[in-house]
Amino acid sequence: MAHDLEYPGADGVPDWGSLYRARGVEVVRHRPVFTGDVFEKVLVQGLGETKTKTVIVLQHPCALRSNGVDLHPRLMVAEVRNHRVIPVEDWTGHVSKMPLPELIPAVETGKRHQAAFFEEPYLVRSDDLTLDKRITCLSQMGVNMLLQRWVHHNSRVVVKTAMYQEVSSPVYEEADLIEEWCEERAEAGLEIQEAAAEAMKWLREDINSGSTRQRMLEDSQQRSTVRRQMRTALRQFG
Amino acid sequence: MLIDRNQELLEPGTVGADINPPPLLTETKTVATTVLTEDIGYIRKRARNLHEETDELHQQGHYAEWNARTNQQGRTSTQEMLDELANLGFAWRDLAKLLGVSVPAIQKWRRGEGTTGENRQKVASLLAGCDLVSAHYGIQEIVSWFEMSMQLGVPVTPIDLWASGRPDLVFDFASGHLDSEQILTAWDPKWRDRYRSDFEVFRAGDGYLSIRQKER
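Listed in order, the protein sequences are those of chains P and W.
Numbered per our numbering, the first sequence spans residues 1 to 238.
Numbered per our numbering, the second sequence spans residues 239 to 454.
These are computed hints drawn from the structure, not numbers from a lab.
Accuracy of the hints is not assured; some may be wrong.
[Stated by the list, open to error] Okay, derived cross-link-like pairs now, EDC-like style, lysine to aspartate or glutamate, Cα gap no bigger than 16 Å in a straight line: (1) P:K97 <-> P:D4; (2) P:K133 <-> P:E26; (3) W:K428 <-> P:D11; (4) P:K41 <-> P:E108; (5) W:K346 <-> P:D11; (6) P:K97 <-> P:E120; (7) W:K346 <-> P:E184; (8) P:K41 <-> P:D132; (9) W:K267 <-> W:E290; (10) W:K346 <-> P:E26; (11) W:K267 <-> W:D277; (12) P:K53 <-> P:D132.
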């Protein structure tokens, strides 16, 4: 069976909602910035002038941060703007775009359906990607599809999303755990950045002659153990 | 009347086993073996029917017990049931997938916001399913089991089976009555093609997982 660019859904039936983890009011501040996050009103340097645009983070999850907590000063993004719904049978085409149908489900205007345009990439200052500007976080499957299309756009190679899933699962899991940690620790009055640093320290703690919980997350069979340990650790903070 | 040619054979010598014709059967023997074949065929058919009936009966048993356990679990609040699932080690995103809702919906339930009766039932049935496979099939670390690929190189887990509305396959996989290939085929007959890949995951020089083409 030849393999091509994939679409959200199965047997020709779309499941647009499965692209997203959270949209609009569902987006929480505690989640660390991740590949596929959509931000609005971000300053970008156009040809000769500075503009504000809605953008999606393209950088691979492993290439977002220098030390696990702090984002690289500049990140690669692509412009996001209105676009008609691309039917699932056409997802093999439109290779220079990542369709984002029902990105803003609360509206019925043309703004409801959008797409990321890979031919309009920008480098943005990461300190301009503030959490109050974030309007969408992609699901893990959405991130996998974005990576599949972005890599194909740049290299003409199609890699199954299942492969991206295997590679990006540990870092997606890490983002989930940091979100949970920050949410719990916010109740104790910690700022997000402070709580994220605390979570990362816990994940990178040497637990068994050089092994860390962060490394354990690479093994799907050990992830539930790390989650249980983390929830126990959070309860111990009281 | 058939002649028993075995009586007429010459001394075969050391190569006899290679040159001797197969022994001819008498009519009596032919009739007896025909009857035997029919009998065995009948027994085989009965065994197959019995196998199918016991499969069905076993599944009915699973469902009946699962229902009873669901009703039992459903007595506690959704929030408490979610806490219990979290303590087992489930990721919130996997719970969302298993229950067919969004992650934000799960987050709302965790904060105690109301759920519909249907959603409460879904949470209870998942917890009951975990109880059932742990109790009957001695599965340790139930969440780790739910996250385990069913076959090397095939990224399908019991979570995928459950999320697609096939708890029966989850129970069959746990019981070991069907092997992983049978389960995967029942779930998606095209699974071999769907998950065949020319790429593999490896650890790159910087220590991170990466993707490369397989060696042919």
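Could you grab the alpha-carbon distance between K346 (chain W) and E26 (chain P) and see if it respects the 16 Å cut-off? 10 Å, holds
Below or equal to 16 Å on CA atoms is what counts here, so check K97 (chain P) against E120 (chain P). This hinted pair holds, its Cα atoms lying about 10 Å apart.
Check whether the Cα positions of K41 (chain P) and E108 (chain P) lie no farther apart than 16 Å. 21 Å, violated
Are the Cα atoms of K41 (chain P) and D132 (chain P) separated by 16 Å or less? Status holds; Cα separation ~10 Å.
Run the distance test for K133 (chain P) versus E26 (chain P): straight-line Cα separation, threshold 16 Å. 13 Å, holds
Is the straight-line distance between the alpha-carbon of K428 (chain W) and that of D11 (chain P) 16 Å or less? 12 Å, holds
Given the proposed pairing of K97 (chain P) with D4 (chain P), does the C-alpha separation stay at or below 16 Å? 15 Å, holds
Check whether the Cα positions of K346 (chain W) and E184 (chain P) lie no farther apart than 16 Å. 14 Å, holds
Do the alpha carbons of K53 (chain P) and D132 (chain P) lie within 16 Å of each other, as the hint requires? 15 Å, holds
Would you mind confirming whether the straight-line C-alpha gap from K346 (chain W) to D11 (chain P) stays at or under 16 Å? The given pair, whose Cα atoms are some 31 Å apart, is violated under the 16 Å limit.
Does K267 (chain W) pair with D277 (chain W) here, judged by a C-alpha cut-off of 16 Å? 15 Å, holds
Please work out if K267 (chain W) and E290 (chain W) have their alpha carbons no farther apart than 16 Å. 34 Å, violated
Violation of the numbered hints given earlier is confined to hints 4, 5, 9; the remaining hints are satisfied by the structure.
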